[in-house]
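**Student:** Protein sequences, first through last, are from chains A and B.
Per our numbering, residue 1 is the first one in the first sequence, and the count goes up by one each step.
Per our numbering, residue 282 is the first one in the second sequence, and the count goes up by one each step.
No lab work stands behind these hints, which were simulated from the structure alone.
Zero decoy hints are in this set.
Simulated crosslink set (BS3-like; lysine-lysine; CA at most 30 angstroms straight-line):
#1 B:Lys634 - A:Lys172
#2 A:Lys122 - B:Lys634
#3 B:Lys735 - B:Lys634
#4 B:Lys634 - B:Lys551
#5 A:Lys50 - A:Lys40
#6 A:Lys172 - A:Lys156
#7 A:Lys122 - A:Lys172
#8 B:Lys634 - A:Lys46
#9 A:Lys172 - B:Lys735
#10 A:Lys156 - A:Lys168
#11 A:Lys172 - B:Lys731
#12 A:Lys172 - A:Lys128
#13 A:Lys128 - B:Lys735
#14 B:Lys735 - A:Lys168
#15 A:Lys122 - A:Lys40
#16 A:Lys122 - B:Lys735
#17 A:Lys128 - A:Lys168
#18 B:Lys731 - A:Lys128
#19 A:Lys128 - B:Lys634
#20 A:Lys122 - A:Lys168
#21 A:Lys46 - A:Lys122
#22 A:Lys156 - B:Lys634
#23 A:Lys122 - A:Lys50
#24 A:Lys128 - A:Lys156
#25 B:Lys634 - A:Lys40
#26 B:Lys375 - B:Lys396
#27 A:Lys122 - A:Lys156
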Amino acid sequence: MSVQTETLTDRTAAMTQAAMTQTAARADTAAIKMLARNVKVYYGPKQALKGINLDILENRVLALIGPSGCGKSTFLRCLNRMNDTIENCRVDGTLQLDGEDIYGRMIDTVQLRARVGMVFQKPNPFPKSIYDNIAYGPRIHGMATHRDEMDEVVQKSLERAGLWNEVKDRLKEPGTGLSGGQQQRLCIARAIAVSPEVILMDEPCSALDPIATAHIEELIDELRENFTIVIVTHNMQQAARVSQKTAFFHLGDMVECDDTEEIFTNPRDERTQGYITGRYG
Amino acid sequence: MQLSVLLVVLALLSVTGYYLGRSTAVRAVDGRVVRLHSVPSYHGMYVALWAGLPALLLFVLWGASENWLVMQMALAGLPPELTSVNEQALNLLKADILNLAHGVTTGRDSHAAVKAAAARYVELHSLSRWMLLAIGAAMAMGGLLFARARIEANHRARNKVERVLNLFLVGCSLVAILTTIGIVLSLLFEAMRFFAVYPPLDFLFGLHWSPQTAMRADQVGSSGSFGAIPLFAGTLLITVISMAVAVPVGLMSAIFMSEYASPNIRTALKPILEVLAGIPTVVYGFFAALTMAPFIRGVGQSIGLDVASESALGAGIVMGVMIIPFVSSLSDDVINAVPQSLRDGSYGLGATKSETIRQVVLPAALPGIVAAIMLAVSRAIGETMIVVMAAGLSANLTANPLEAVTTVTTQIATLLVGDQEFDSPKTLSAFGLGLVLFLVTLSLNMIALKVVQKYREKYD
Numbered sequence: 001m002s003v004q005t006e007t008l009t010d011r012t013a014a015m016t017q018a019a020m021t022q023t024a025a026r027a028d029t030a031a032i033k034m035l036a037r038n039v040k041v042y043y044g045p046k047q048a049l050k051g052i053n054l055d056i057l058e059n060r061v062l063a064l065i066g067p068s069g070c071g072k073s074t075f076l077r078c079l080n081r082m083n084d085t086i087e088n089c090r091v092d093g094t095l096q097l098d099g100e101d102i103y104g105r106m107i108d109t110v111q112l113r114a115r116v117g118m119v120f121q122k123p124n125p126f127p128k129s130i131y132d133n134i135a136y137g138p139r140i141h142g143m144a145t146h147r148d149e150m151d152e153v154v155q156k157s158l159e160r161a162g163l164w165n166e167v168k169d170r171l172k173e174p175g176t177g178l179s180g181g182q183q184q185r186l187c188i189a190r191a192i193a194v195s196p197e198v199i200l201m202d203e204p205c206s207a208l209d210p211i212a213t214a215h216i217e218e219l220i221d222e223l224r225e226n227f228t229i230v231i232v233t234h235n236m237q238q239a240a241r242v243s244q245k246t247a248f249f250h251l252g253d254m255v256e257c258d259d260t261e262e263i264f265t266n267p268r269d270e271r272t273q274g275y276i277t278g279r280y281g
Numbered sequence: 282m283q284l285s286v287l288l289v290v291l292a293l294l295s296v297t298g299y300y301l302g303r304s305t306a307v308r309a310v311d312g313r314v315v316r317l318h319s320v321p322s323y324h325g326m327y328v329a330l331w332a333g334l335p336a337l338l339l340f341v342l343w344g345a346s347e348n349w350l351v352m353q354m355a356l357a358g359l360p361p362e363l364t365s366v367n368e369q370a371l372n373l374l375k376a377d378i379l380n381l382a383h384g385v386t387t388g389r390d391s392h393a394a395v396k397a398a399a400a401r402y403v404e405l406h407s408l409s410r411w412m413l414l415a416i417g418a419a420m421a422m423g424g425l426l427f428a429r430a431r432i433e434a435n436h437r438a439r440n441k442v443e444r445v446l447n448l449f450l451v452g453c454s455l456v457a458i459l460t461t462i463g464i465v466l467s468l469l470f471e472a473m474r475f476f477a478v479y480p481p482l483d484f485l486f487g488l489h490w491s492p493q494t495a496m497r498a499d500q501v502g503s504s505g506s507f508g509a510i511p512l513f514a515g516t517l518l519i520t521v522i523s524m525a526v527a528v529p530v531g532l533m534s535a536i537f538m539s540e541y542a543s544p545n546i547r548t549a550l551k552p553i554l555e556v557l558a559g560i561p562t563v564v565y566g567f568f569a570a571l572t573m574a575p576f577i578r579g580v581g582q583s584i585g586l587d588v589a590s591e592s593a594l595g596a597g598i599v600m601g602v603m604i605i606p607f608v609s610s611l612s613d614d615v616i617n618a619v620p621q622s623l624r625d626g627s628y629g630l631g632a633t634k635s636e637t638i639r640q641v642v643l644p645a646a647l648p649g650i651v652a653a654i655m656l657a658v659s660r661a662i663g664e665t666m667i668v669v670m671a672a673g674l675s676a677n678l679t680a681n682p683l684e685a686v687t688t689v690t691t692q693i694a695t696l697l698v699g700d701q702e703f704d705s706p707k708t709l710s711a712f713g714l715g716l717v718l719f720l721v722t723l724s725l726n727m728i729a730l731k732v733v734q735k736y737r738e739k740y741d
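Chain B extracted, bound-state conformation (with noise of 0.2 angstroms):
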């Protein structure tokens, strides 16, 4: 109640204050605005953030120690005896304190003395909001007067409004970074608790992936084997596959809607191709399963080959088709970013279409291209749904794309689908091939952004 009344009287008093300050601006020189150093509407943003920021850092300051500081002081005054536990039973008397302030019935008598440290809870609890509603308007209102008594024509209200911006925008950008970095760091400290219990060279050249660990002592299969080799191998097959479906196809109907194809026909097209992003994966894993896998056998078995049910060849084609409108969408962009001028060029000395092409236009148009294959080998890799149901969950060790394989997206999938412990080897190991996955796509990413620098030709 008294957050949003703040919330209110913030936004109230900084829009107030941009008008008060431009107007105070248009004063300070009698009208007369190129007398000023910055144009009027400088002054008014200026006055508005000296309003609003302060109050709104000190709220968000508040905010994150107001429940621990209150906390405290409940605790404080409850006798020594029920304060001077282990951390658990300390933590369970907060959950009383909490749940009593905030109504909630527990069905356990307590202690009168906690009931009154929850009742000093609520207390202490709406003091300080108060305290925050009256110190926070009074922040606001004296940032608006100091500001306002700061203008005059020389004031360098522009230079200050826009150094407030560029913090605001550097803030954005760390927020995305610190996002990364944070998510990096838990997946690096779940992986050592991994590779505490399991020796990390066993993890990355082991040839055995068994993942099932007993929970009994007496139960069948207790051995778990953390092998990582066969999950690579399988990523890499099948990765291999869609790639060769994906990157001849897509690059061919690039190079055909955007050197041959007539406007119409490209405008027809290009909607249609774009469909088959647009569809779930899900959906593309049952026509792997259903559709394109009993085919593959059928095929296979007229010509005499033994082909599993679930092959990586099933499931590999049908990733490559998804990846299709990626590769020919940025491609199509990047050959159609290659200027008129070079193909005008080729032409004026001779130059078949076809020999502009492949000689003029694909090279110029060769690190996007490299970065488009590179995105889309990314996406393979990390494709999970599609491996899962075409190409099974048998973590084979093999080359031939006749066979069930697995990848190390769809076993992260499996281990940690459903209950899990997260202390025993089986579930941190997912954190483990997290890990590798992160590494390797980190790497491929790169190596794409060292080619697209060392290539790229500057057209203006």
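So here's chain A without its partners, still in its complex pose (with noise of 0.2 angstroms):
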């Protein structure tokens, strides 16, 4: 896995270039916490993405839209570094946190996981206890070293995530034991334990009850005061309801990104038209 460097002026050009479409289209203030330029990801010979440029804003819900297959998810897993686990795959362009290069050579994936956490489409609870589950992450980076810290650091996880009530009783059952719904807020509990700054979701609620969806959709709103969220999602509404951008992707590429209601209400592109009113996809 290498940062192919193009040379300093094309990349520059790109950035240029792509910052002033954003400008344009960017009505919001809020400070940009993640940026992309010109990311292009290949797995083997095949392209998946072909040059995607996007401004994450803090404290704000990004929700990613497309057909399957349209590079949703492998844009979503540039951002943690979670690629570099798939033999073959190459990223191209440029990924910054807070303005650093992430496939920069100073970066570690360990350091930058801990800052921009992950919540999977299905849900994948450690075959551990409740209480060890939302531990692990805090464990591993040393983040409380007192058995009181980390009760307190569960606590805290468990209550943001709004499963303490739940499950308060039982934090030394296994958290397989528990139902698809709460498995999946107990995975969002640990990813927010070690207090990451961007929080990324691959379809989360994909394999959920309409029931279990709603808690999680307030749960996404609540969480964006103390955090970025990305969140990739197949449902148009769920886009509309928690997420104030929408990016919306297409065989590769972004076609436009822009207020949630603008895309929803007026898109300027026509796939995106096509694509929101049902027509394809």
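Take the two lone chains, each set in its own frame, and fit them into one complex as the hints suggest.
**Tutor:** Dropping the structure here:
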């Protein structure tokens, strides 16, 4: 895995151009938390992303929508370098977190993933107790030294994930014994426990029933106060409900990115229009 | 001759019955197959089963009782002074008749009446075969016609055929279970014969094993002593040594192959490791005896230790090497079965590879790994050849791995090798040992099963 070093002028040119289009569309004044410029991803000979430019704003929820196979998840997994675990996957372009190149030489994936957490499509609690599931991250990062501190981290994370009241009497029971919706909130609590700055969610509700989904959506809205959230979803109502910004992906391109309301009421691109009105996808 | 004819007839009738049943079913609904309760092939199978099965059952029962019946009838024709003798003489008489009937010359001049009985035996036997052929064929034919007559649109042929298949499967599993029960029972009865002459408590807790018993009263070393503790201790010692080799090496190599090795290395390494599993244990045995044991003795002497030329350490190490592919291959499968989503979850929290393996992958794979280790232990306890060749036969009660020890299986092998009398405690003690060994491995397997059940996580 290596970032191909483009010539400096190329990169600057691309960045300036992208920045111009972005600022034109951006009315929101929130700070830019993460930024992608000309990001290309290849799986072996196959190109999955064809040069993505995108700003991710602090304390906002960004929804990535688009038909299956359009590269939403691939882009999401670039943001915390989860693509590193996939063999013959190659990432080109610039990705920054707080102005720092996350594919740069100085960044370690371990530190990066502590700052950019992730929640997956299918709930994947570890085969441990509920308590140990939450304590896992803080433990490996050495964030809590005393038992009391750890108890507090676990309780706070579970509270913020809205799961504390349901599980406080059975913290020692295995996390795999919870229901699907509870498991997913456990995974969110687990991600929160390491105090990340950004949380990436890859279709977090696709394996859940409507009630559990509503729970998670409420939760996402609350979490926005403290975290920057990027969520991939196939459910356009969900994108409309939880996000402030929406980016539409199609065939490896980012077609347009704007305020969620704009995208859903007044899309500029024909393809976006087609997708959100259900003509294809 | 008649038997093979009958089998061919049965096969033909069944095949005919199948096609007949199918076409009858189709005709019964004028070709509109959807109106049938079962598809035509089930009707075909139904007829074929009726044609084949009853006759086959008759065939089996007849074959099982034929010889006995015919012999009784042949004996009934003999004068009573010949048949009213004790059991052994009667068996001899039967053997004579059989020999004469099969044309084997016994070199003994037989009584005229016996010859007549043999002739009658041959005659009756052939008659019985012809009867079997006739009745069998008639039954098959009758079954075919009966079943065919019952075919109609609403006939529930599918359910009946499925039930027969079900019974057949039950029968297959019963064979396996009954064989196991038979083996256990034979072991049990022989062991009870041993415990009748030797007290079980002395056997289980005795500290001295010297199974030589005298054939004559004036022989040396005639007092057999069957205290099995040294054997159990030896088995335990060698098992522990071999596990100390096999478990860490096997587990680590499994982790390397499933988590760290690139696909190329993996495809190259795995077959090589599995070659180890293909080496015959005898070869391991002489490797242990001719290479490992002298090496260990040399090393021991150079640091001033007294090492026997046949040591538990040498046999145990080589046995451990033999078991490595067992542990690594099974653990590798289990580790690969841990879902990728768990690893992703851990990496997503910023865990390193080794943290992920230690704290997520291994705990998730633990039940399978425990099962693999238990299997390996059973294998080590049951291994005979390496110990025979490399650890010696002397039943020392010691915890020192540098001394010669012997194991339960080794003793069983040596006790039963060669010509043996099956009424001396020396030979019978093998069954006592076998019973204890069986109980130990059985309980190990049960523990393994319980552990696996208790800690199994369900992933879909």
